[in-house]
Each structure stands twice: as C-alpha cells, then as structure tokens.
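Engineer: Make the full structure from the sequences, and use the hints.
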Amino acid sequence: MKRISKTEIKEMRSQSKKNRIMFAFTLPTVILYTIFFLVTMLIGVYYSFTDWNGISKDYTFVGLENYVKVLTDERFREALWFNIGYTIALVVLLIVIPLMIALALNRIKRLSTLFRSIYFIPAVISMVTVGLIWNELFYRAVPVMGEMLNIEALSTSPLGNPKLAAIAILMINIWQGCAIPTVLFIAGLQSVPKELLEAATIDGAGNWARFWNVIIPYLIPVLNMVIITQAKAGLTVFDYIKVMTNGGPAQSTEAVGLLIYRHAINEGKFSISVAESVILFVIVGVVAAFSLRLTSNKQVGE
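Under UniProt numbering, the first residue of the sequence shown carries the number 1, and numbering increases by one thereafter.
Read the hints as simulated data drawn from the structure, not as lab findings. The structure displayed is predicted, hence computed values, not measured ones. Among these hints, one or two may not hold up.
Within a straight-line C-alpha distance of at most 16 angstroms, the following computed EDC-like cross-link-like pairs (lysine to aspartate or glutamate) qualify [unchecked claim]:
1) 69 to 58
2) 242 to 136
3) 163 to 152
Structural biologist: Quick look at the structure:
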C-alpha cells in the first residue's frame, strides 16, 4: 500500500479548506436562488392546476383543465404564432447584423473602441425607456417626415398600422439588441488564429471560403449563446409591446407575455396565466435544449 507523505496530506487539507471556503461563499446564493426562484416556480406550477384567482384563499384543484383551456384558446394560439414569427426574425437578424458589424469593426484598428462604445449605448438603456422614446418618434417625427417627403406610407405612425406595427417593434428590438451580440462576435473573431487565415489565403481560399470554413467554426459557442438568448428574448417579449402598442392595433402585436399579463392583472385569471407561463417556459427550454444539442458534438475550430 502506498504511503501518503506529509506534503500530500498538507495539500489535501489545504484543498479541503479552499473547498469549504468556496462552499461558504456559494451557499447564500444557492439558498436565495432556491427560495426566490425554484420554490416560487414550483408554487406557481401547483397553482396552475387550480382555479385560484390570485386573491382569494379558497381555490379548487382542477387538474389539467387550465392547460386544456389554454391550448384550445384561439387567442393564445394566435399570440404564440406571433411570438414564433417574431422570434425567428429576431434570431436571424441579430445574428446577421451584429456579425456584419463585428466583421467591420474587427478590420478597423483606429477608433474601433469608440465605435464599440457607441454601439453599446442602447444596451444600457431600459427597454421601457427605449419604447417610450421611439413611441414619441413614431407618433410625432415619422408623420412629419412623411409629409415633408410626400410619402403616403409614412403619413401616419407605423404603430397604428396592423401590417407595420410588429415590424416597427422588431426594428427597435434589433436596434437595442445588437450591442451584446456584436461584442460577443468581436470576441469570437479575435479568437480565430491568424495562422489559419493566412494558411487558407495561401491555399487559395477566397473571402467566403475563409469565413465559412475557418471563422464560423470558431464562432459556434458565440452563435449558440446568441441563438438561445435571443430566442428567449423573442418568445418572452413584453416591454416594447406593452409600452408602444399594448397589443394593438387589432391585436396584431399581442404576444403571449402580454396575454399572461392581461389574464393575471386585468381579468383575475391567475391560474390561467400561470398555465400559459409554464407552457412558454417549456417552449423556451425546448428551444435552448435543441440549440445545445445541435452544437454539442462540435468543438471550437472543427
């Protein structure tokens, strides 16, 4: 049997002490997370199987009745389809546009820090503030601009047009949401070995071949993060819609998040709103799992 030296014993004790210290610092966070997230989430799931209105102490267990009502509700299905379409557009555009900006900024050596700071400014403003600012611009500046340029399509605010309201909100979301993906893509581009790019150039690879075969493999972790975060943002979009259109005009921008809010706050259907929240949570989880599964077997640079 191998004997353990005194040095090894000291190292083991030192490591054990470090682990205890780390555990002591981590424990409060774990406790708070458990109390304010996991416990409250489980309580909410329980209430989704009841007819509780959010106020009364009395409620009845109704099983899956709330989920059946939600899934057979035409209004919920329309809101969900809105979220799906909005999310697809948001994810695609917040990959393409930030990646183009990152490629441009990565080439610029002078003033690159200044441009990065400028692009990041919208990200530090709250979504409600952004919504209020653009709401004023759409209702005041756009019609004036339309009259000056004699463009009939701009004579009224796009937020009042059922065909343009969702596009206008999407534009604002992209304007504010570009910052973080751009920074992530810049970091990813800087991780690409210059030797590989030079070797690809020597081998006769063009710009597209180098981008697709050399750069993209190194951006897989960033792409994965952007897809998950923006898919979650699109599926749970609420602030912009609440501030700018409140689901209108003619319910053309009514998202699931707004429907959950209305059922809980305005209509007193708390159990229904929780059931809708659970369904939305599951959808977000499935999208995240699918994205992770899609890239789980791919390593950086492959």
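Engineer: Can you list which hints this structure breaks, lowest number first?
Structural biologist: Hint 1 alone not satisfied by this model.
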